[in-house]
Amino acid sequence: MGDATPQRPRSTDPAAAERWFDYVYLRSNPKGLLDEYAHHSGGCRSWLVITRDTQTHDIFAVTTAREFANKRNGVAT
Amino acid sequence: MTSFKEAVRRAKSLKTDMHYSVFSLLKNALSKHRNWTPAWREPEPKKNYDVVIVGAGHGLATAYYLAREHGITNVAVLEKGWLGSGNIGRNTTIVRSNYMLPENNPFYEWSMKLWERFEQDFNFNAMVSQRGVLNLCHTDAQYDAFARRGNAMRIDGVDAVLLEAEGVRRLYPFLDFDNGRFPIRGGLLQPRGGTVRHDAVAWAYARGADSLGVDIIQNCEVTGIRVDRGQVAGVETTRGFIGCRKLGVAAAGNSSEVAAMAGLKLPIESHVMQAFVSEGIKPYIEGVITFGAGHFYVSQSDKGGLVFGGDIDGYNSYARRGNLPMLEHVIEAGVAMIPGLSRVRVVRSWGGIVDMSMDGSPIIDKTHIDGLYLNAGWCYGGFKATPASGWCFAHTIACDKAHELNAAFRLDRFQRGYTIDEKGVGATPNLH
Amino acid sequence: MTSHRLPQGGLIDRSAALQFTFDGKHFSGHPGDTLASALLANGKRLLGRSFKYHRPRGVISAGTSEPNALVELREDGRKEANTRATTIELYDGLIAKSQNRWPSLNFDVGAVNSLAAPVFVAGFYYKTFMWPKSFWEKLYEPAIRRMAGLGSASKEPDPDLYEKSYAHCDLLVIGSGPAGLMAALAAARSNVRVILADEGSRLGGSLLFEKEEIGGRSGLDWASEVIAELASTPNVTLLPRTTVFGWYDGNIFGAIERVNDHVAVPPPHEPRQRYWRIIAKRAVLAAGAEERPIVFGGNDVPGVMLASAVRAYSNRYAVACGRTAVVFTNNDSGYRTAHDLRACGVAVEAIVDSRAEKSGAASGVRTVHARTITRVIGGKSVSGIQLNDGTRLECDLVAMSGGWSPIVNLACQRGAKPQWNPDIAGFVSPPTNGSLVAVGSAAGKMLLSECLADGAAEGSQYGKSLAVPKCRDEAFAVSPLWWVKSSKGKAFVDYQNDATADDILLSEREGYTDVEHVKRYTTTGMATDQGKLGNVNAIAILAEVKGKTIEEVGTTTFRPFYTPVSFGALAGPFSGKHFQPIRKSPLHEWATDLGATFVDAGLWIRSAWFPKQGETWLASADREVRNARERVGVCDVSTLGKIDVQGKDAAAFLDRLYCNTFSTLAIGRARYGIMLREDGITFDDGTTSRLSDDHFFMTTTTANAGRVMSHIEFCHQALWPDLDVSYVSVTEQWAQMAVAGPKARATLQKVVDDVTLSDTTFPYLAAKEITVLGGVTARLFRISFSGEHAYELSVPADYGSMAARAIMKAGEEFGIAPYGTEALSIMRIEKGHVAGAELNGTTTAADLGLGRMMSTKKDYIGRVMAGREGLLSKNRQCLVGLRAVNKADRIRGGSHLLKKSDSPSMANDQGYVSSVAWSPMLDQWIGLALLANGRERHGEVLTIFDGLRNKNFLGEVCDPVHYDKENTKLHA
Amino acid sequence: MPEQKPVRASPLAGVARPGRFGSPTKTPGVELSVLHPASIVTVIARKDCADRLRDALAKLKDCSVYWAGFQQYYVVAEGRADDALHRELMEQLSGIATISDQSHGRIIIRISGPNARQTLAKGTPVDLHPDEFAVGKSALTQMSHVVVHLTRTGKDTFEVSLFRGFAESFWEWLAQQAGEFGYRVA
Ligand SMILES: Cc1cc2nc3c(=O)[nH]c(=O)nc-3n(C[C@H](O)[C@H](O)[C@H](O)COP(=O)(O)OP(=O)(O)OC[C@H]3O[C@@H](n4cnc5c(N)ncnc54)[C@H](O)[C@@H]3O)c2cc1C
Ligand SMILES: NC(=O)c1ccc[n+]([C@@H]2O[C@H](COP(=O)([O-])OP(=O)(O)OC[C@H]3O[C@@H](n4cnc5c(N)ncnc54)[C@H](O)[C@@H]3O)[C@@H](O)[C@H]2O)c1
Ligand SMILES: Cc1cc2nc3c(=O)[nH]c(=O)nc-3n(C[C@H](O)[C@H](O)[C@H](O)COP(=O)(O)O)c2cc1C
Ligand SMILES: [Zn+2]
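Chains as they are written, first to last, in my numbering: chain H, 1 to 77; chain P, 1001 to 1432; chain U, 2001 to 2972; chain S, 3001 to 3186.
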C-alpha cells in the first residue's frame, strides 16, 4: 500500500504546516528497496511494514506497523 | 490553440520518403520486397539538442508535434530500450473519451479527434477501430453514476448512449444477464470508442517524427540530469552526455526515478498492471466491454486474440510482471460476464509499470526547474491520450506555458486542493 | 487409406478399440493413442490449414509444441478451439473438426491467399487499407477479422466443473524424465515432501519413446520401477497430466491438472480440470529439451516432421509416419531416427546431414554430407525432396532435426534471460537464487548419463545420496544450420503464424531490427505455441542478417503460460452465481416470508420493497413511505457497519477519527459523526453511541463498513499505537431494525422489557442496553434516518427474524408495515440526508452543509488538508434540493444542471443531480443535487439537462430538506 | 409478552440438511456438522495486559481458547446458555481485556474425515500438513472469498468459523469441494 516512511504531523502544530502536503501526497517510489505498508485484511487484520525490493519483489523484512511506529517514536516495545 | 483544420492541413503537407499504399506494396512485391527502406534512422546522438525528450511513448508524439506544430526539429527522443518497449507497446489498446470531469473530458476528446485522423496524418495504418466501448453496470446507483458521466459527455458534445439491459442484450446476447451473481442492469456506450493497434502507434509516430528530422535514439538510458543555476543543461546517458536547454520527461513508470535525478519527489507510485491475451479465435467480441461487478475488460484483436485485463496488482513494482491473485480475479470476472469463455485458453500474460498519480489524473506541466517539463501520472489510461498528450506537452515545452487542454494537469494541484479525482478515492494511488 | 499402424510394439492397448470422428468421418484407435497418432495410424495427414496462407498442414511434433495440428474438439458448450491433436488423449466417441478452412479441409477457398502471398508479407496491413477511411471499420477490418483466428469458440455456458487447490512441498519436480525421476527419487528417500508434476498422460518423459537402457533394463522398465516406488512413498504426490504453467513470487507455481480431459464427460462431482497453486520451498526444472525444425523450402508440407516426433510415433504409438523417409539433420539425433525407423521396417532413403564431417552416430543408412534440402515436392503431402546439388529423392516422409533447445521457459519467467551455450547450440536457463534449478536437458545436459547424474545430485541435497545407474549414451553433436538460403518456396520459421525467413529479413530491412520488433512486426512466436519451435531459428536468422552473435540478439521475453490455460480452470468454482459470495442479513428469512424483493448492496442482498399483489416497485415504495410516515414501519438496517470500540482511550481515539467531538458525549447518548479522509474529503458518516465510559458502539454506512474498519486499524496501529483502544466488528452479531413512524413508540413499548419509552426516559438520541421479549439482550437507540419519531433496535442475530416478527405483531393494531431500502431512500431524500451518492469521495463536509461539525479545537484526520484553497473555494458544488418547475416532469439521477439561459457545454456545467425520488409527501419527483455555489442559489430556476434521454426541463433549486423542515415529526 | 422462550435460529437451518451426498460410489470421506448454538467471544488484551490475559485464559474451564490475531483470541464453548460465556468473561477478565460477544455473529462448521484436509486445501493457502498445522493451531485465512477462522481440533478434524451472513454461500462451496469424496452431513 505504498511508502511507509512519511510521518504524520499533528494538525494542531502550526510549525508542521508545510509538512502536510508531503505527508499526504509525496511518495518515495524507488526502484529497489522500499519500506511499505501492507494490510493483512484477508487474515489477522494487522497493518505491516514490509521491506521489499520493487524490482525483484523479494521480501527482506516484515514488522508490524505498531513496532515500526514505536521504533520511529522511540517508544520501547 | 491550433484549429483542427489547421492541424489537418499541416499533416497533409507531411511526406515521408517511402509512401505506403496498395500500389507501393504491389510494386515492392515485384522486387521481392527488397527495396523497402527503414521506417526510421538509427542515428548517433548529437552533442546538443534544442529539446531532449525522455521516453519513446508519449515522447514520440511530443517530438512529432514539436516538429510539426512548432517547427522545433532539433529534437532527440531518448529511449532506454527499444522504441515502443514501454506501456505504449504493452497496453490493451482501448481508446475512448468517456470522462466525467471538466478538466479531463475536453482533453481526451481532442485525443479522440486526433485518432480519427490518424491513418491519414501518418500514412500508416494503426487500425484505429471505433467499434464502441461499453461499460456495464449492475445496480441503480451505478446506473445513475453512468448517467452523470454520460450527460457530462453529452454536455460537451461527446457521443454517449445509456443502455438498459435489453439494449445491452441486443449488442451482446451471450453475456450472462440474469443467471450471474450480479445481473446486468444496463450500460454506458461510447460508439466512437474502440481500439488502436498499440505497436503501430509507436511506429507511426517514430516514422513521422524521424521524417521531420527528429533523432530517435534507442538503447540510451538517461542516468542523470545536469542542472546549473536552476536551469537544465543536459542529461547524462548510457551513451554519454547530451546537452539541451529544454528537457521533457515522459517516462511513465520510471517518472519518479527520472525526476529524482533532478531532486524532485513526485505524487506518484509505480505499479504493475497486467494484461492477457487468449488464443486466436474467430470473431467473438465486436467492441470493447467492461464488466461493472469485478475487474475485467476485453476486446478482440484483429489477429483474433481476446485482449483483456483488470486492475493493477496493487503493490509498488518496477518488475513488468504480476502475480496469480489478480489473474484469478480477472478470469473469474471474465467467466462471470461471458460464461462461454470457459473453454477459451489464455496464451500469455504480461505487465507494464504504470505511473499511478495521487488523484488518478495526469500531470503535464513545467517544474520549478527552468527547462524541465513533466508528463506523467497516466495510470492505466494514457494510451488513448497519446496524441493529445504529445500535442499538449509539445505546446507546453515550445511555448513554456500550458495549452488550455492541459491547464488543469498541474503539478501543484495537490498542494492547492484542485485534484481531479474521477473515482473519488483520494490519495490512494493503488485504488485509482 | 491403408493403415500405418505397426504390427507390434508401442504403449497402446490393441485389445480395445476406440471409435472417433474427424470432420465427420469415422475412425478408430486404441487406448494410449493421441488423436494425432490415431489419425496418422489411419493414414490421415492433412489436419489443418495455416493462418494467413491457408497452406495444407499436418502433424509436426508429438507434444505440446505442436503448431499445426490444431483442431476444434468436442461440441456445443464443451467445444474447444485450437486443441493440439498431439496432446489429446483418445477416448471413445471423440469428435473433432479441422479449422480455418471453408468449405472443406481438402478444398479450401482461403487458399487463394497463397496466390496473393507476395503481397501478404510481414506488416503489409500497416501499409494499406487506409483509403477511404470509412472503409476500415466497414469493409477491410471485418474481412481481416474473419480471416484471422483459427478455431471458433463456444458462446454457451460450460457444463463441466472446475476446481482450485493449494499444495505445499519441500521440492517440486517439474518433468518426469530420467532427470526428474532421479531428483524425485533421491528427495523422496530423504523423506522430504515431494511433488512430481508432468504434463504427459503418463510419467516417464522421453523414456516413454526413446529406446534407452538404464541399469541393465530398458529405460521404460527402469522408469516404471522408480515411479512405482515413488507412488508407494507417502510423502510423495504424483501429478501426471499436470502442466506447470508459471513461476511466481514466493516460489509459487501455477499448474493445471487435466483431471478428466481424457474422457468424454467427467464423472459426477468430479472437475474437468484442477488449478493448483503449488507453494514450493525449492523446485527442480527437469523439463527436457525441444527439438528444432530446420528452415527450408516447403518445410511445412504435411509429411515433414521433427525427427524425434517420428521416433515417438513409431516407438510409443506404433505408428509409421511414412513408408519411405529422408532424414534431414545438423546433429546426431537424426541418425537415431533413421535407426529406429529401420528397426520398425520403414525404408530410409537417405540421411541428409548438413555437416561436412562424418558423425559419431551409427546408422547403416546412406548418408550424404554437406548437403541440404532446398525444396519439398508435394502439396497436401510430401512426395519427394530436392537437394542443393539438384538431386531429387522420392519419399513420403521428411524427418528433420535442427538441434535441441533446452526448455527454459519457467526459469525465465521472472525476469532473468537465458544464456547461449554454443556447445549445444541452445539457450540454457539463467542462474537463479536456488529456488528453481534446472537439471537434465533443460540445463543443457544432452546425454542420458548426465541427466541421471544431474537429477540425482539435485535430489540428494536432502541427505540421502542416490547411486546413478549405468546407462547407454547416444552420441550428441551438433553444428548449426539454421536455414537453407537457397530454398525454393516458402521456408517457415513460425508455422502457426505463417512467418517465413523472408519476413524476418524484411522486418530487419525496414528498421524493425530489435528482436522484440521482429517478433511484433512478423508475429513470430506469438501463436498458441509461443514459438517453442521457431524462436531460436528466428533469432539465429536475425543475428546473421544483423551481423551480430546470437547472444547479442538475445531472446524475446519468456512469460506465462508455458502452454495455454483455459479460463474455466483459472475461474474454478467461482463463476455464475458463485462468482462472489452472497451475504445475507439475519432478517433475510423474515423479509422473504413477507414477500420482499431483494437488491444487491455490495455482497449483501437487502430487502428493497415489499410489494402487495400486483404492485410495481414504485407503488410499493410509495405505500411503504406513507405507512411509515402516517403509522409505523419496520426496516432491516442490519447491514450497517457496527464496530465495538472499547478501551480507556476510546473517546480520545474517536475524537481523532471523527471531525466532530465524541469525548463530550454522555453515557447513554448517541451522536451523528463524520469522518474525513486525510485529504480533507468526507469519508463516511454514522451515529456512534456511548454505552459506558470506555465503550462506544459505532455505526458506519453499509458501503464503507470494510473501509472504515481498515482505516481504524491503520490509525491505531500505524499512527497512534500508544492509545489503549480496541475495536471489533460486530456487524454480524447484531440484527438491527429501524422502527419509524408516529406509532413507533407505542409499538416498541410492547416489545421492550421494563423500560418506559417517553421523551424523558428515552429522549431523542438516547442509546441504551436493554432487554426485549422477556430477557433477550438488546440495544435501543432513538435515532432517525427517516425524519420520523424513530428507533433502531439491535438484538443478537439469531433472534433477528423472531424479534422482527414480534414487532410486526405488536404493531399490527397500529397498521405496521415493513419498508425496504427504496422507501428508506425516498424518506432520506425527502429529509435531505446525504448517502453514498453525495458521500462520493469528492465532497467536503462543507459541500454537504455539515461544515460546522468540523472542530477547530483538536487534531483529527483530514483537518489540515480540508483547509486547502481548492476545498474552500466558493464555487464548489454543494448540496441543494431540486424540484421540477412543472410537477409532472420526472427528474432523473445523473442529469446535469445549466443556467436557464445557457446552452450545453462543459464550461456552462453547473453541477449534477445526485439522488432522485418520487416523493409521496410532496406528490412529485424531487432530487438532491450538487450545484456550484448552491447554498446561495435557493430559489433559482435552472435547466435540468438529461441529454442521454434527451429530456431537458426547468427545475427550481431549494433547501435540501424537502419535508418537515422543523423536524416536528422527529420530536413528536 | 413472548409466548415461548426465544430460540436461536441457525443461518444454516434448512441448508445443512442431514444425509449422504456427493459421489455415490465412494464411502463418504468427509463429515460436515454445524456447531449451533455455540458461544463465541472475542477477547482482546488491553494495553500492556497481554501476559496477564494469556495467564487468565489458560485458567479458563470447559471452553476452548484459540488465537485470533494480535493479542486477540476466540473463546469458544458449546452447550452454554445464551450470553452466559460472555458474561462470565466480562467478570473474569474485566480491566485486562476487551470482551465482545460473537456467538450470533459467527457460525462454526466442523469438517472431519480422511478427506477433510484435502477438502480444505482447495480453499486455503495455509499448509495443513500436521507438522505445520498441528492440533490446536488456528489461522485466519480466506476460503472461497470469505475470511474464516480455521482451527485443527483433531488429526482429521477441523473447525471453520465465519460471519453468519456468508454461511450459506460458504456451505455451498464447501459441499461442492467435498462432493468428489462423498460426504455426510450430521
Ligand atoms: C497492461 C496495461 C494495459 C493498459 N491498457 C490501456 C488501455 O487500454 N487504454 C489506455 O488508454 N491506456 C492503457 N494503459 C496505459 C498506457 O499504456 C500508458 O498510460 C501509456 O502508454 C503511457 O505512455 P508513456 O509514454 O507515458 O509511457 P511509455 O510508453 O511507457 O513510455 C515511457 C518510456 O520511457 C522510457 N524510459 C523510462 N525511463 C527512462 C530513462 N531513464 N531513460 C530513457 N528512457 C526511459 C521507458 O523505457 C518507456 O519506453 C495500459 C497500461 C498497461 C501497463
Ligand atoms: N536425441 C538427442 O539428441 C537428445 C537431445 C536432448 C535430450 N535427449 C535425451 O532426452 C532426455 C532428457 O531427459 P530429461 O529428464 O532432461 O527430460 P525429458 O525430456 O525426458 O522429460 C521432460 C519431461 O518434462 C515434461 N515437462 C516439460 N515442461 C513441463 C511443464 N511446464 N510442466 C509439466 N511437465 C513438463 C515433459 O512432458 C517431459 O515429460 C535424456 O535422455 C537425453 O539424453 C536426447
Ligand atoms: C494488444 C495486444 C495484443 C497481443 N497479442 C498477442 C498475441 O496474440 N500473442 C502473443 O504471444 N502475445 C501477444 N501480446 C503480448 C506481447 O507478446 C507481449 O507480451 C507484450 O507486448 C509485452 O511485452 P513483453 O512480454 O515482451 O514484455 C499482445 C499484446 C498486446 C498489447
Ligand atoms: Zn496476519
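By construction, these hints were calculated from the structure, which means they are not laboratory data.
Just so you know, these numbers come straight off a predicted model, no measurement behind them.
Positions of the beta carbon are idealized from the N, C-alpha and C atoms, including for glycine.
Misleading hints may appear alongside valid ones.
[Stated by the list, open to error] No more than 25 Å apart at the CA atoms, straight line, and that leaves these computed lysine-lysine pairs for DSS-like: (1) U/K2887 with P/K1027; (2) U/K2858 with U/K2900; (3) U/K2887 with U/K2899; (4) U/K2485 with P/K1113; (5) P/K1080 with U/K2548; (6) S/K3047 with U/K2750; (7) P/K1046 with U/K2546; (8) P/K1423 with U/K2380.
[What the hints assert, rightly or not] Short, incomplete list of chain P residues facing chain U, as computed with Cβ under 10 Å: (9) N1035; (10) E1042; (11) E1044; (12) N1105; (13) E1119; (14) D1140; (15) L1162; (16) D1199; (17) D1359; (18) L1372; (19) Y1418.
[Stated by the list, open to error] Among chain S residues calculated to face chain H with C-beta under 10 Å, some are: (20) C3063; (21) S3064; (22) V3065; (23) W3067; (24) G3069; (25) Q3072; (26) S3112; (27) G3136; (28) A3139; (29) V3147.
So, going through the hints one by one against the coordinates:
The straight-line distance between the Cα atoms of U/K2887 and P/K1027 is roughly 71 Å, outside the 25 Å bound, and the hint therefore fails. With a C-alpha separation of about 44 Å, the suggested pair U/K2858 and U/K2900 falls outside the 25 Å cut-off, and the hint is violated. For the hint pairing U/K2887 with U/K2899, the CA-to-CA distance comes to about 20 Å; that is within 25 Å, so the pair holds. The straight-line distance between the Cα atoms of U/K2485 and P/K1113 is roughly 47 Å, outside the 25 Å bound, and the hint therefore fails.
Simply put, P/K1080 and U/K2548 have alpha-carbon atoms about 20 Å apart, close enough for the 25 Å limit, and the pair holds. Proximity of S/K3047 to U/K2750 is assessed by CA-CA distance (about 42 Å); at most 25 Å being required, the pair is judged violated. The straight-line distance between the Cα atoms of P/K1046 and U/K2546 is roughly 24 Å, inside the 25 Å bound, and the hint therefore holds. With a CA separation close to 58 Å, the supplied pair P/K1423 and U/K2380 exceeds the 25 Å bound.
Checking P/N1035 against chain U: minimum C-beta separation of about 9 Å stays under 10 Å; hint holds. The interface hint given for P/E1042 holds, since its Cβ lies 7 Å from the closest Cβ of chain U, which is under the 10 Å cut-off. The interface hint given for P/E1044 is broken, as the beta carbon of that residue sits about 15 Å from the closest beta carbon of chain U, more than 10 Å. Interface hint at P/N1105: satisfied, since its Cβ lies 6 Å from the closest Cβ of chain U, which is below the 10 Å cut-off.
Taking 10 Å as the C-beta contact cut-off toward chain U, the hint placing P/E1119 at the interface holds, the least distance being around 4 Å. With 10 Å as the threshold, the beta carbon of P/D1140 comes within range of chain U, its nearest partner Cβ sitting at about 8 Å, so the hint holds. Taking 10 Å as the C-beta cut-off, the interface hint given for P/L1162 holds, the closest approach to chain U being about 4 Å. Among the interface hints, the one on P/D1199 holds; its C-beta lies about 5 Å from the nearest C-beta in chain U, closer than the 10 Å criterion.
Here the hint on P/D1359 is kept, as its CB sits about 9 Å from the closest CB of chain U, short of 10 Å. With 10 Å as the threshold, the beta carbon of P/L1372 stays out of range of chain U, its nearest partner Cβ sitting at about 25 Å, so the hint is violated. Interface hint status for P/Y1418: upheld, as the beta-carbon distance to the closest one in chain U is roughly 4 Å, under 10 Å. For S/C3063, the suggested interface contact is broken, since its CB lies about 22 Å from the closest CB of chain H, more than 10 Å.
Hint on S/S3064 is violated. Least Cβ distance to chain H is approximately 19 Å, over the 10 Å limit. With 10 Å as the threshold, the beta carbon of S/V3065 stays out of range of chain H, its nearest partner Cβ sitting at about 16 Å, so the hint is violated. About 9 Å separates the beta-carbon of S/W3067 from the nearest beta-carbon of chain H, less than 10 Å, and the hint is met. Against a cut-off of 10 Å between C-beta atoms, the interface hint on S/G3069 holds, since the closest Cβ of chain H lies about 4 Å away.
Taking 10 Å as the C-beta contact cut-off toward chain H, the hint placing S/Q3072 at the interface holds, the least distance being around 8 Å. Because the beta carbon of S/S3112 sits about 24 Å from the nearest beta carbon in chain H, more than 10 Å, this interface hint is broken. A hinted interface residue such as S/G3136 counts as satisfied when its beta carbon comes closer than 10 Å to some beta carbon of chain H; here the least separation is about 17 Å, so the hint is violated. A least Cβ separation of about 8 Å between S/A3139 and chain H falls short of the 10 Å threshold, and the interface hint therefore holds.
Taken as an interface hint, S/V3147 checks out: its beta carbon lies about 6 Å from the nearest beta carbon of chain H, inside 10 Å.
In this structure, the earlier hints numbered 1, 2, 4, 6, 8, 11, 18, 20, 21, 22, 26, 27 are contradicted, and the remaining ones agree with it.
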